[in-house]
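Undergrad: Protein chains in written order, with our numbering: chain A, 945 to 1461; chain B, 377 to 1008.
These aren't lab readings, by the way, just hints derived from the structure by calculation.
Yeah, the Cβ is synthetic: ideal placement off N, Cα and C, and Gly gets one too.
Wrong hints could be hidden among the right ones.
To be verified - Only some residues are given here: those of chain A computed to face chain B with a beta carbon under 10 Å:
#, residue
1, C977
2, F980
3, A1007
4, V1011
5, V1092
6, G1385
7, L1415
8, Y1419
9, A1433
As the list claims (entries may be wrong) - When the alpha-carbon atoms are kept at most 27 Å apart in a straight line, the in silico DSS-like pairs for lysine-lysine are as follows:
#, chain 1, residue 1, chain 2, residue 2
10, B, K826, B, K908
11, A, K1318, B, K546
12, B, K406, A, K1318
13, B, K826, B, K546
14, B, K743, B, K685
15, B, K908, B, K546
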Amino acid sequence: MMSAQGFGDLTLLLAIPVIGAALLLFLPRRQSCALFTVALLASAAAFLWSLKIFNRFDGGSGAMQLVERVAWMPAVGIQYLLGIDGISIFLVLLTTFLMPLALLASWSVRDKVKEYLIFMLLLETGMLGAFLALDLVLFYVFWEVMLVPMYFLIGVWGGTRRIYAALKFVLFTMAGSLLMLVAIIYLATRHAQMTQALTFDVMQLYELHLPVEQQFWLFLAFALSFAIKVPLFPFHTWLPDAHVEAPTAGSVILAGVLLKLGTYGFLRFALPLFPDAAIALMPYLIALSVIGIVYGALVAMMQTDIKKLVAYSSVSHLGFVMLGLCALNMQGVQGSLYQMLNHGLSTGALFLLVGMIYDRRHTRLISEFGGLWKQMPLFSALLLVVTFSSIGLPGLNGFVGEFLILLGAFRVTPAWTAVAASGVILGAVYMLWMFRRVIFGPLNNPENQKLQDLNSRELIILTPIIFLIVLMGVYPQPFLSRMQPAVEANLKRILAMPAAPAAVQIEVSGEPKNDGR
Amino acid sequence: MMSSDLLRWIPLIPLLASAINLFFGRAIGKRPAGALASAAVGASFALAFYVFWQLPASGVMRDLVYTWIQSGSFQINLSFQVDALTAVMLLIVTGIGLLIHIYSLGYMAHDADMVRFFVYLNLFIFFMLVLVMGDNLLLLFVGWEGVGLCSYLLIGFWYHDPNNAIAGNKAFIVNRIGDLGFILGIFILVAELARQGVWTLDFAELAKQVKLLSPATITLVTFLLFIGATGKSAQLPLFVWLPDAMAGPTPVSALIHAATMVTAGVYMTARLHFLFALAPATLALIAVVGAATAFFAATIALTQNDIKKVLAYSTVSQLGYMFLAVGMGAFGAAIFHVFTHAFFKACLFLGSGSVIHALGGEQDMRKMGGLKSHMPRTYWTYVVATLAIAGAPFTAGFFSKDLILWQTFSHGAIALWGVGLVTAGMTAFYMFRQLFMVFHGECRADEHAKAHLHESPAVMTWPLMILAAGSIFTGWLGAPEYLWGSRWDHWLEPIFGKVAHHGAVSTELLVTGLTLAVVAAGIYLAYLMYGKPGAQPASVPSGLLHKISLNKYYVDEIYDFALVRPFTLVAKFFASIVDPWVIDGAVNGVAATTRGLSTIWRGLQSGNVQHYAAMFVTGALALLAYYLGQLS
C-alpha cells in the first residue's frame, strides 16, 4: 500500500510557497507591486500544482497515495512521511485555492508588505504540511510552524487590540499542543515496547491496540489540542478576538483553513488512533458539538460587529462539522468533510466581503450601514448568495453538508440531532438580520452614499468562490465520490476494533444502488 | 412507466431565463427582459400542456437527470416525474404563473427594478416546478425552501422601506420553523427504513415500503411533516407570515397566494397520501387545525380595511378548507380546491392590483368606493371572482367548497362541518363587504387620485378576464354526482383511488341548500351594512370584538411577548454575560492562576546547580519508583 518513495510531487507542493517566500527576500521592499506579483504567482503555482496532484489522484481508492518517505531522524524513528487520500486532498485544494484569493484581497495592506507576504506564504506551507504529514512528529512540527506566521499576521497587521488577540491565539493553541506532544511521545514509546519498532508513522500506529484506560488519556490530550483549534465549545473564546483583530486575509485563512485542521486532526489522528476511548467519550463530544451549534448561533445573533458575528457563526458551523464526525457513519463523516469545504468557501467569502466594505468605510458595525443595495448592488447580490450558502439553502453547497451531517447524526442520536437542527433556524435568523440591516432599508448614512460598488479585482476574488458555492450545491457527486473510499477506510479503522459497541454501526459495504438508466 | 428527457425543460426554461436576465437584463432592457421571462413561462406552460396531453391513462413519466447526493447507501437523484397529480399542479403553476407574468408587464412597467422583479419571478416558478415535479422527498424539499427564498426576495422587493424587509425576514424565518419539522420528519423516515435495510426517499419506493413502518412512526413522521405544511401553507399557529407578505408587489401576492408557495403544503400531503392515510391521529389533527384556521382567519378578514389584507386572510381561511379536506382523507377534494382557488384568488389579487394601480398606490378601502364606472373590466371580473370565492351556485368555488363540506358532513364530522358552514357565511360577508366598499357607493378617494382614475391597460385586464372565466368553468370539472359527475375524481383516480360516495343524494342536496342559504345571508348582511344606498362603509364600528378582530387577535404581539422577547433575552444573556465573563473569564482565571504559580516556579529556578541536581535526583527516583510499581 505504502511504497516508500523519496521526495516527490507533494514535497514540491510544500516547497513552492517557500520558494516564493525566498524570492521575496531578494526583492526590494519598496516595490510592493512586484512583491505582490511574486507572491501571487507563487500561490497560483501552488494551486496549479495541487490541481495536477488532484489529476493524478485515484479517487476510487481509499488508500494513502503519492506517499513520500525519507528517513529524517532515524535514531528516534522520525521520518519525513507525506501522503494524500480522499480526506486530505480536498482540504489541500481548499488551502491552495483560498491562498491566492486571500493574497489578492490583501491589496490594501500598505505596511511592511514584504514581511506580510512572506508570512502568508510560510503559513501556506505550514498548513499544507499539516494536511499531508503522516508522521506524528512531522505533523506536530507543521502544526506548530503555522502558529508563528499567524501570530505575526494578527499581531503586526491586525486591529487595535491585536497584541492581546495574537497572544491569546498562541497561548490557547500552545496549551493544547504541548499535551499532544507528550501524548505523541508516549504513544510511540508504547508502540516501541510492544513491537520493538520505534516509529511515528501514523499508519503503523493505527495498528496498535492499547488498553482503553491508556487510550483515554491519550485521546484527551489529542482531543484538547484539536478541540481548541476547531474551536469546540467551551474552548472558542480565542476565535472572535483573533478574527476581529486579524487582517482580512488572516481571517479568511484562519476560518477557511486553520479551523479545519482541528476537525481534520480528529478525523485523521484522534479518532482512529484511540477508537475505544473515542467511542466511549462520544456522548460528551456530541453534547459539546450541539451546545456549540446553538450557543454560537445565539451569541452571533447579538453581535453588533459583522466580523464578530461571522466568527461566532463559525463556532456554530464547526459544531455541525464535529457532530458529523461524532456520528461515525458514512453520511455523518462524509457530510462533515464536505461541510469543512463549504465552511471554508462561504465563511471565507463572508470575511472577504466584510473586508471589502471595511476597506471603504473603516468600520464593521452593522448599525453604520443600511440600504447598501441601492449603492452597491453587485456587492449586495454576492453577499446574498453567500448568506444563503451559510444558511444552508438547498441548491447551494451548505445544504448538502448540513443535510448529510444531520442525517448521519440522527441515526445515532436523534434527540441531540433535533436540537442541533434548530441551529438551522437560528442560522437563518442571525444571517438574515444582519443582511437586512446592512443591505435593506433606506440609505440614510451620508457616509454610505458615495460608496463604490465592487471593482474588478474584488470581482475576480469572489467569482470563483461563488461559482464553487453553486456547483457544490447542485452537483456534489464529483467531490463526494472521491471522499467515500477514504472515509470508508477510516471508519473501518475506527469501528473494526473489538471493543466497539454494537450500537454504532456503519455500512462499510455501502455499495451504491444502481437504478436509473 | 414512460421516460422522457422533455420533463427537465419544464423547470429549466424559467431558470435559464432567470439567469439570462440576471446577467444581461440590464443590457437587454426592461421590456424585452420582461417579455423573455413571460415567454419562458409560456414555453413551460406549453410543455406542461403537452405532457398533460401525452400522459398515459394511469401512468407516470420520469426524467432522471443525474445522481445528486450519494453517501454510503443513501442516494438521492435529481429526477423529475409527472403523474396525474403533478400534471394538474404543473398546469396551475405555469398557467396561472404565465398570466401573472403577463399582468406584471403592465403592473411593473414604471418600476426601475423591473428586471430584478422578473429574475425573482422566474426563479419562483422554477422552484415551484421543482417542488411539484421532484420524484423524491428531498427534491420536494429543495423546491419547498426555494420558494421560501423567492418569497423572501419578493416580499422585500421594495427594500428601501424597512417594513418590507422585516416582512420578508419574518416569512423566511417562520417558514424555517416549519421546515425544522419537515426535515426531522425526513430524518425519521430515512433512519427507520435504513434500520430495516431500505434506503429511499423516492415517492414510488416509499409507497411500496410504507408497510415496514410502525403506526407510531407513521404518526410521528406525518405529524412532523404537517408542521412543515403549517409553515408553508400558513395554518395555525404559523400563519403569521402570510398577511405580512402583502408588502411585496401585488402580482407577487397573487403568485404566492394562488399558484405557488402556499399550495405546497396541500400538495405535499396529497403527494404523501399513502403515508397520511395510515395516520388517523394526524389526519384528525389536520382536520381540526384546518377548520380552526378557516374560521379564525375569516373572523379577522371581517374587519380589515386594507384591500389586500382582506384577501390575505381569505387565503389563510381557504387553505384551512383545503386542510379540512385533507383531514377527511379527501385528497382529491383538497387539490380540487387548490385548483379552483388558484383562479379566483389570482383574479382577486390581480384585480386589487388593478385598483391599487389606478389609485396611485392606495390600499385602504375606506378611501375607495364607486370605482365600478371607472374600471368596468376590473369590476366585472372582480364580481365573478367574488361570487366564486363566496360559493355562489355554479361558480368554481361553489363546487369545490361544497365538495369539502359534503365530505366533512358525510364523514360524520358534524362539528367541523358546522365550523366550515359558518366560515362560508363569513366568507360571503367579508368578500361582498369588500366589493361594496371598493366598487360601489360614493367615491371616497381624494381629488388628486380621482383625477387619475383609469382602467388598467389591456395587458393587465386580459389576464383578469381569463382568470374570471376560469373562476366559473374550472369548477364544472368536479360537479357532484347528482349533476353530471366529476371528471376530476376520474382523472386523479390513479393516484388517490376511487372516491367513495357516502350518504344519500337528498342529504347532499339538503347540505348544499343549507350552505347556499348561509352564503346568501352573508351577502345580504354585507349589502345591508355596506352596499345599501346610504350605508356608511367608512364608519368605524366600535366594540371589543371588532377591535380584537381588527387587531388580528393580537397574535403577533403575543408571539412577540411570549416567544421573541424571552428568546432574545436569552441570546443577550449568553452574548453579554456568559461568553465574555463566564467562559472567557474561566480562561483568564487560568491565566491568572498560571501567573501565580509561575512566581513559585521562578523561585525554584534559582540558578543554583546544587538545587537542580537535587531536583533531578528526586525526579529520577520518582520515575524509577513509578516504573517499579508498574512492573510489580
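Undergrad: Tell me if the interface restraint on V1011/A is satisfied: Cβ within less than 10 Å of some Cβ in chain B.
TA: Hint violated; V1011/A Cβ to chain B Cβ min 27 Å, cut 10 Å.
Undergrad: Mind checking the CB of L1415/A against every CB in chain B and telling me if the closest is under 10 Å?
TA: violated (13 Å)
Undergrad: Would the hint on A1433/A be counted as holding, given a Cβ-Cβ threshold of 10 Å to chain B?
TA: violated (13 Å)
Undergrad: For the hint on C977/A, just tell me whether its beta-carbon gets within less than 10 Å of chain B.
TA: violated (32 Å)
Undergrad: Min Cβ distance, Y1419/A to chain B: is it shorter than 10 Å?
TA: holds (7 Å)
Undergrad: Is the hinted pair K406/B and K1318/A satisfied, with a Cα-Cα distance of at most 27 Å?
TA: holds (18 Å)
Undergrad: Do the alpha carbons of K826/B and K908/B lie within 27 Å of each other, as the hint requires?
TA: Since the Cα atoms of K826/B and K908/B sit roughly 23 Å apart, the hinted pair holds (cutoff 27 Å).
Undergrad: Given G1385/A as an interface hint, is the shortest Cβ-Cβ distance to chain B below 10 Å?
TA: holds (4 Å)
Undergrad: Does V1092/A pass the interface check with chain B, least Cβ-Cβ distance below 10 Å?
TA: Violated, about 21 Å.
Undergrad: What's the verdict on K1318/A and K546/B, does the C-alpha distance respect the 27 Å limit or exceed it?
TA: The hint holds at about 22 Å.
Undergrad: Hint check: is the beta carbon of A1007/A less than 10 Å from a beta carbon of chain B?
TA: This interface hint is violated because 19 Å lies over the 10 Å limit.
Undergrad: Check the hint pairing K826/B with K546/B against an upper bound of 27 Å on the C-alpha distance.
TA: violated (35 Å)
Hints 1, 2, 3, 4, 5, 7, 9, 13, 15 from the list above are not met by this structure, while the remaining hints are.
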